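These are the residues of each chain, in order.
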Amino acid sequence: MRVPARLYATERILEQILEDKSLAQLVNMTTLPGVLRHAIAMPDVHQGYGFPVGGVLATDVSEGVVSPGGVGYDINCGVRLLLSDIPRQHVDEARLTRLVERLMRTIPVGTGEGSPITLSKKELDRVALEGAHWAVRQGYGLPEDLERIEDGGRMEGADPEAVSERARERGYVQLGSLGSGNHFLEIQYVAEIFDEAAAQAFGLHRDQMVVLIHCGSRGYGHQICSDYVKTALHAASSKYKIQLVDPELACVPFQSPEGQAYHRAMRCAMNFAWANREVITHFTRQVWRELFGNAAQLRLLYDVVHNTAKIETFELDGRRHRAVVHRKGATRALGPGHPLTPAVYAEVGQPVIIPGSMGTSSWVLVGQQRDDTNFFNSTCHGAGRQLSRHQAKKRVFGSNLDLVAVLAQQGIVARSQSRAGLAEEAPFAYKDVDEVVRVVEQAGMARRVARLRPLGVIKG
Amino acid sequence: MGYSWIPHTADVALRLWGADPAALYVEAARGLVDEMTDGALEGAQPRQWRSVRLCAASYAELLVDWLNELIFWYEAHALYPVAFRLRAEVRSEGYCLLGEVGVVPVGEQVAKLQLKAATYHGLRFAQAADGTWEAEVVLDI
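Here the protein sequences line up with chains A and B, keeping their order.
In terms of the working numbering, the first sequence opens at residue 1 and continues consecutively.
In terms of the working numbering, the second sequence opens at residue 461 and continues consecutively.
No wet-lab data here; the hints were simulated from the structure.
Remember, predicted model here, so these are calculated numbers, not experimental data.
Even for Gly, the Cβ is constructed at its ideal location relative to N, Cα and C.
Take these hints with a grain of salt, some might be off.
[To be verified] Just some of the chain B residues that point at chain A, by a computed CB distance under 10 Å:
{"hint": "1", "residue": "H468"}
{"hint": "2", "residue": "V472"}
{"hint": "3", "residue": "D498"}
{"hint": "4", "residue": "L514"}
{"hint": "5", "residue": "A517"}
{"hint": "6", "residue": "N528"}
{"hint": "7", "residue": "E535"}
{"hint": "8", "residue": "A538"}
{"hint": "9", "residue": "A543"}
{"hint": "10", "residue": "A571"}
{"hint": "11", "residue": "K572"}
{"hint": "12", "residue": "Q574"}
{"hint": "13", "residue": "L575"}
{"hint": "14", "residue": "A577"}
{"hint": "15", "residue": "H581"}
{"hint": "16", "residue": "V598"}
[Unchecked claim] If you want a taste of the chain B side facing chain A, the calculated C-beta under 7 Å gives, among others:
{"hint": "17", "residue": "W533"}
{"hint": "18", "residue": "A536"}
{"hint": "19", "residue": "K576"}
{"hint": "20", "residue": "D600"}
{"hint": "21", "residue": "I601"}
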């Protein structure tokens, strides 16, 4: 270990974490060259590849490494929250069902056929360079959305030349699709407000209907990760003589040709993911207007990012350090007045959005004032799994549980492409998100603003 | 010869066994398709054959490359592999998988679960004391 490892948890969460290999993986993170201060595991941590999901690691820009597996396969998987002006009391069960089913028909979840947009090679490269700005330019979003997306919805320094033909082939047909696994679109309402001032600044109020969208860079980003894990694996041992305790930790010096190429390609995937969420937002808004009238609005609160390696500056031992901050299944959280906090939230702090799982709450938090290296300005990104997909499926099908009916009894309309997919994402497969969020608040990472409850779920 | 799934918190891990390396690559492909389609393609007859020629630094790395190749076929060409005429050979280019794969178009059977990639985490490919072969590979969902 080159630096200490830090884990944030309650005793109950710790027991769940000890069930898998996430702690060993946290320790593995501390072995990487150029690591700064400490490796961090968030309270939603669970076993991943190389890094656990819910891991944060900062490495020095000059002397440290970048690890494609430490960012993850779904580059810029992220969450955005759209705010409506409709109270939930105005939507009865029949209308809610209509809304969910129409969204399910409009927003493709799968691959290949069904994707609403097919891009030419040239246009895909524009998406990779421009991110959400491409979508807005094409009429798939609103200009005012852009100031409410992390980094303005576009990462500078993206270079499509660093992206393989194979990644492009996976990207052509997938823009504007949700994907399967833990990705979803949820209709929710604001159930409880914890911080009136921040809620007001965000435009949140009780019983307001909102839409949460969780998805990422699809096959385009997955392939970029696969390509560069392989590059890093071979270069790490032979060229840079880095000893790896797990091959999936494969890394290269950030300043090396391989490290720079990965970072340029990773930024393409980040831009793809932002364009993807912007296009899905556009389709969601279309359905919303069809159901609630042309005047009905869905305003973007914010779009936060998981699975990235960003260059950020921190003060460490009296010296300013530029760091490569790997957030694998972690969310950036910036306090009021931080130079990177978006201008619209400069006084209150950046919104942090933490999704739950179908039957459970999701949360809106706000970044805290403190800016130091305790957490490298990060929080958790969700509830974090506690049961494997197979265990979850076994429990649902073994006990003949009709998950759609169970959720319906709680007033939640759920629709999925697959029964198995829904079962694997059952609420009991995840940790208690409320407890995870309490840890985040008690540790001082972010403050709770509002609790959201689901009304309708669309799963891939 | 066969495959099974090993519990993994967020994803899936495949355990494979067989008489020779080629058998493990076939089992890996069968496991992948079963997981994606929930077994809906069992017994499906190939509509066409595609040739395969992959080489890697080890049998283990070849397993990752092979599964990633099939994930790519699904996403970019909308094809599932359902039949196999494969051989694994050690050649001057490395550890190679050669032969033909029978495929069917995705059509109605869109994957219930899309897999992002095969990974190097926990990767294992070895010959057991009795001469048979075993492997493990984790897939990211």
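> Honestly, which of those hints from before does the structure not fit?
Replying inline: 4, 9, 17
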